[in-house]
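Given the structure of chain A, go ahead and fit chain B onto it with the hints provided.
There are 2 protein chains.
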Amino acid sequence: MKNYNIAILGATGAVGQTMLRVLEERNFPVDEIRLLASERSAGKELEFMGIKYKVQPVSPEAFEGIDIALFSAGGSRSKEWAPVAVEKGAIVIDNSSAFRMDDDVPLVVPEVNPEDVKWHKGIIANPNCSTIQMVVALNPIHKSKKIKRVIVSTYQAVSGAGATAIKDLEEETKAFFEGKYYYPEALPNHIAFNVIPHIDVFLDNDYTKEEMKMFNETRKIMHAPEIKVSATCARVPVFYGHSEAVTIETEEPISPEEAREILKNAPGVILEDDPQNNVYPMPIEVAGKDEVFVGRIRKDLAFDNGLSMWVVADNLRKGAATNAVQIAELLVEYGLV
Amino acid sequence: MKNYNIAILGATGAVGQTMLRVLEERNFPVDEIRLLASERSAGKELEFMGIKYKVQPVSPEAFEGIDIALFSAGGSRSKEWAPVAVEKGAIVIDNSSAFRMDDDVPLVVPEVNPEDVKWHKGIIANPNCSTIQMVVALNPIHKSKKIKRVIVSTYQAVSGAGATAIKDLEEETKAFFEGKYYYPEALPNHIAFNVIPHIDVFLDNDYTKEEMKMFNETRKIMHAPEIKVSATCARVPVFYGHSEAVTIETEEPISPEEAREILKNAPGVILEDDPQNNVYPMPIEVAGKDEVFVGRIRKDLAFDNGLSMWVVADNLRKGAATNAVQIAELLVEYGLV
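Residue numbers (our numbering), protein chains in the order written: chain A, 1 to 337; chain B, 1 to 337.
Don't take each hint at face value.
Identical chains share a label here; the pair holds if one copy fits it or two copies do between them.
[Said to hold, decoys possible] Subject to a maximum C-alpha distance of 27 Å in a straight line, what follows is the list of computed DSSO-like cross-link-like pairs (lysine-lysine):
(1) Lys264 with Lys88
(2) Lys148 with Lys228
(3) Lys52 with Lys88
(4) Lys209 with Lys228
(5) Lys180 with Lys289
(6) Lys228 with Lys146
(7) Lys299 with Lys209
(8) Lys121 with Lys52
(9) Lys167 with Lys54
(10) Lys121 with Lys148
(11) Lys118 with Lys88
(12) Lys2 with Lys180
(13) Lys54 with Lys209
Keep in mind that the hints were calculated from the coordinates and are not lab data. A quick note: this is a predicted structure, and the numbers were derived from the prediction, not measured.
Isolated chain A (complex conformation):
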C-alpha cells in the first residue's frame, strides 16, 4: 500500500491540530508529514505519531513532493498558497471559504457527494462547519422525499472562530467570576453568559456571510439548487460542538418514524432520539466524536409536510478536520493521488 506525503498549512491552529489527531486516529497512510504555518507560528513543535515536528514557514519549496496539502489558515492564505501548492503537484483540500463556490472546485461532504472529488482540478473545498453537519442529516431525507425549504438556527461553539476565541470564552468567564473586565480578542462581542447573533461579516442583504454559506453551500453539495435555506447563525458560550434547530418542508409527507428509519441507516449519522428518556444530542457529549448526531425528530407544526430536528456535531472534527481527512481518503480510494 502506498503512503503519501502530507502537508498541513495552518498546523498550529485549532483545526490544524485536530487534523493531526484525525490523521493519526484514522491511520491515514502518511509517509512524510510537513507542518506549515505563517512566519509568526513557525518554529513551534507539534507531535504526530509520537514524533515531534517543527512547524516550518510556508514557502513554494515547502510543497515540493507533497501529495495532499490540507489547508486551514484562512481565506487569504488559501488564495495565496493553493495555486502554488497545486503548481508543485499537490492536491489541496482547503478548509477556507476562498474557493468553495468556484464552479471548477468541488465542494465535498463524503457522505453526500463523494463522486464530486473526481472532477477536481487541483483544489477541493471543505465546506463550512455548520453546513457539513446539516447536509449529512438532510441529504438522506432529501433523497427519499424532496426538501423544498430549510429554516435553521445555529448555536455555534467558539472554537469555530479559532484558538483565540476558545481563550476568549475561558478568560472572559474567569474574569466574570473575579469581577474583572475582559474583552474578547477574536469574537465581535462579549461571549461569557451571552449569545451573539453575528458570525463572520454582515453582507448587503443583512445576512452574515456564515448564514449565506449555509444557503449557497447546501445547494452546491446536495446538487439541489432549488432548495431554499434561511439561516440564523448565533454564537453561544460553548467550547466545542455546534447545535442546530433544523425545520424542513418536504414535497411529500414524511413521518418522524420514516425519518428516524432513514437516519438510523444513514452514513455518518448517529440517531440519539429518545426524548422520553432525556436522550437528545448535546455539544458537551459530541465533542471529540466524528459523527453527526440527530435527535428531537418530530412532525413540524408549521407545515403540512414538515419535520423538525436537532443536529449536533463537533465543529472542529466533522465540521472541519475529519471531513477534510475523509476527502483525502476518497482520493486514495478512487486512486486519484
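Using the frame of chain A, we list chain B on its own:
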C-alpha cells in the same frame, strides 16, 4: 388616588423578587404589601420601598383584604391557592401555566390584548416568558400583514427555571475551572458550556410543554387561531435574557423596511437593528430592562413572503414580573379593582 393591597405568592423566588422591584420602579399604588410563600420559605425577610417585610406562610386568611394577588409559585400552588384568593375577593394574576388555556381565563400581554382583562372572572393568566416577547414583536406585524406561520428557535436563560437554576449555572461553571464535577439541581442536564434542547417536560408529540406553550398561547393572546407556530426551545448558558430566532411567513409581502417602521413605533418594542455597525440585541445587554428588543430584521430566504428577526428580552421582567405588574396597572386603569 386609591392605593391597593397587594399579595405576592412565591415572593422569595426569582420572579417574586423581581415583582417587588418592578412594583417599586413603576410606583404602583401599593397600600399594603403581603409577601407569601410555602412554609419552607416563610420567615425570610425581603425589602420593599426601603422597609423589611417578613415572608408569611400562605393560608386562606393571608388573602383577606387583598385586592390583587400576584402568583409565581408554580402550577400546583396556583391550582391550590388561586380559587382561595378569588373566594376572599382578590384578583389573581397568575404567572404559572395552570390556567393559561382555560376558556374563562384571559391570557394577557398588555401591548397585544389589553382589553381581555375586562372579561376576567377572578383569575388573569400571565403568559409563558418566551411567548410574551415573541408576540410583542409579532403582533404589530400581524396587524399589518397577516402572519401565516412562525418558526422559532429559542436560546433561553437559566433564570427561566428559577433561582436554583441560576445557582446551577454559576456553580457548574466554577466547578469546570476547578476540575470538579457538579450536577445541576434544577436543570435536566449539564448547562455549563452546553446547550440543552429540553425545557419543561416532553409531551406525546415529542414537543416539550414549553414549545407547545409557544404554539397555543401565541394563538390565544393574538386572537389568531389560524397561525401555525413551530418552536424549538433550548437552554443556553446565559443567566438573564431569552433570545429568539423568529422566521415568519405572511399572507402578503412585507419588506424589512416596512417591518422596521412598524416595530419602531410598536408599544414595548425597542428596535436595535444596525448590523453594519454590530448593533443587534443580546441577552447581557437587555438584562434588567422591561422592553422587547428586536434586530437582525431581513427578508427571509426560505419564503416568498417572509421575514426573519432576532428578539431578545429579560425573561424575569417582560417575560414574567413586568408583564404581571402591567396587567395590574390595566386593572387600575380600567377601574376593575
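Ascending list of hint numbers which this structure does not respect:
1, 8, 10, 12 and 13
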